[in-house]
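**Student:** Spelled out from the first residue to the last, the chains are:
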Amino acid sequence: MRNKRNWIIPGILILALLATGVWGLQESQARQGLQNRAESQYQKNFYELVWHIDIITGQLAQLIVSSSAEQGVIGLASLWRQAFAAQSNIGGLPLAFVSLSNTEKFLSDTGEITHALLSRVTKEAGALSEGEINILKQLYERANNLDGELVKLAAGVLDKQLSWTEVELAAINSNTKLADNTILDGFEIMEQKMEEYPELELGEDFQTVRADEKKMTGEKKISLEEAKKLAGQWWFGGSAPEVRLIYEGAGNIPTYGLEFSTQKKGEIPVYMDVSKLDGTIVWALKPKAAAGAQVTLDEAGRRAREFLQNHGYFNLVQIDTDMEDNNGIFTFVPRQGDILIYPDQLSVQVALDEGDIIGFEGTPYYMNHQTRNLPPPVISEERLRATLSPNLQVDLIRLALIDNYWGQEVLTWEVRGSFAKEDFVIYYNTHTGIEEEFTRITPPQKHNFNVAGA
Amino acid sequence: MFQNKSLLNKQLLKKIGLFTIITLLVFAAGSSILEKMEPSPAQVQAKAGTVSSNDVYVLSKIIAGEARGESYVGQVAVGAVIVNRVRNPNFPNSVYGVVFEPGAFTAVSDGQYYSEPTDSAVKAARSAISGWDPTGGAIYYWNPATATSKWIWSRKIITRIGKHVFGL
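Chains as they are written, first to last, in our numbering: chain D, 1 to 454; chain W, 455 to 622.
Keeping only pairs whose Cα atoms sit at most 27 Å apart, straight-line, the calculated BS3-like set for lysine-lysine is:
| # | chain 1 | residue 1 | chain 2 | residue 2 |
| --- | --- | --- | --- | --- |
| 1 | D | K286 | D | K265 |
| 2 | D | K137 | D | K193 |
| 3 | W | K610 | D | K221 |
| 4 | D | K105 | D | K44 |
| 5 | D | K264 | W | K617 |
| 6 | D | K123 | D | K137 |
| 7 | D | K152 | D | K193 |
| 8 | W | K604 | D | K193 |
| 9 | D | K421 | D | K446 |
| 10 | D | K193 | D | K105 |
| 11 | D | K228 | W | K617 |
| 12 | D | K264 | D | K286 |
| 13 | D | K215 | D | K105 |
| 14 | W | K610 | D | K220 |
| 15 | D | K177 | D | K160 |
| 16 | W | K610 | D | K193 |
| 17 | D | K177 | W | K604 |
| 18 | D | K44 | D | K152 |
| 19 | D | K105 | W | K604 |
| 20 | D | K288 | D | K446 |
| 21 | D | K44 | D | K160 |
| 22 | W | K610 | D | K105 |
| 23 | D | K215 | W | K617 |
| 24 | D | K288 | W | K617 |
| 25 | W | K610 | D | K215 |
| 26 | D | K220 | W | K617 |
| 27 | D | K265 | D | K229 |
| 28 | W | K617 | D | K265 |
| 29 | D | K286 | W | K617 |
Hints were generated in silico from the structure; no laboratory data involved.
Go ahead and model the full structure; you've got the sequences and the hints to work with.
**Tutor:** Here's what the structure looks like:
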């Protein structure tokens, strides 16, 4: 009797242990299954990357030796596509914490250059010039190097049965050390070699690859105290609440980041960036949630314009209106004569409950605005009209200065029109008549998504 | 003496048994609760506001996960980094591409991304998409207190907002 009882508890324990074991096994199998699926995605992206780089290398060489204009067009189009695919493969690998900017730059350059060459040869139906072949030769050198490194790496990954998910785990978790660093080392070496190459020489007849972001530099002329005073005056017109510096910006514009806030509960702070160079208010934000829409969008737009005029921004054309959550965002550009100056944009946010201003964004205006020397158009509006597609229902034609694909300012005819339910803006160079930009502006379909409460 | 010891043993065994059973129960309950964490439709409908643009919504979810507890400007700044990446030729050219780059954002890796965004994250996302950028062009940010990667410190720092450092 006593002996039997003695077995009850150990029996339960053993059962419990077994149950835990079974449960644990199931969990680990499920986990392994998920990890295998992630691993296969990574492996696929990696081997496709190797493959695409190899095709790019071969395709570049083929273009260099080919003498057929038709093959040139096909080759360029294929290169453009492969460069895009390779970029997407890199984006799908867990390499967020490895610097690959030179490798990525090579791929985006290849994409942009082949795109530009493609539009050049189709427009002029000509073969590639000697200068253009020279650009391709430079790209080939780099591609060939990448190809070599990647093929070596791919063989290593296969040979040693290396796992990408382990690389990912090691990157996320500082405690885990990788047993084998082949993958990360491989990419680092590849990146270093790419870095050693000089800038691409593109030659004079070729437009520069997209210009680097503009940056404003200069002597700091405004003290923090002056900036606080200027900002208080600008937004509150005198009786400004308490203000403190929350950061200093050293990006495109050197700035003081200020926060105005009273100690009162429920009061909404106002954030502003003030340029250290001349005290200009670059942007301002007041994170207010509008409770309803008592003010119409038209009225709000008028108030936005009035706000800009009160702060010295005149001669503006409203180019865009966006409304969501009882908030209106109005975008304006200045006019020089009859010409809309798109690079010098300004935006104002208005809360539609009381019609008060809750945001100002003037970075593009501050960075670009100046009086420009703009020659009259070579192609007249009438001549342009005659060349437009009969399928386009034209709503408006006007002169506009825009930043083109390459980041250069060009004077264009802006044509707004529609086809079926699609709306378009097209910009035609006033000098050459070519389409500089073609943008679909059909408003996107809207859905309502849920948002958690405050 | 002898008897006593065996009694003690029995009590100990009982305690261990009970403990194991309770642990198991807690385990089972816990895992079934975790599986049922998805909110029921009724709960979803009771929530506050709505957003109607895919990009703004995705951006607001990542902001909510990454910049929890940051000031409003700190939230706009995180959103602006993602918008800057979309415009940078070295990064994917859509909000989704940037947000779902493997390992790029902790909130995606640890699943915080998959809950509903807060109101202020939605407002911040909208400001960032409309062009407000407190970072002045940053394409990286990290939290100096928790950043595990040494490489990230090789980036050029352009500003600090709240607990994040922003760089190029």
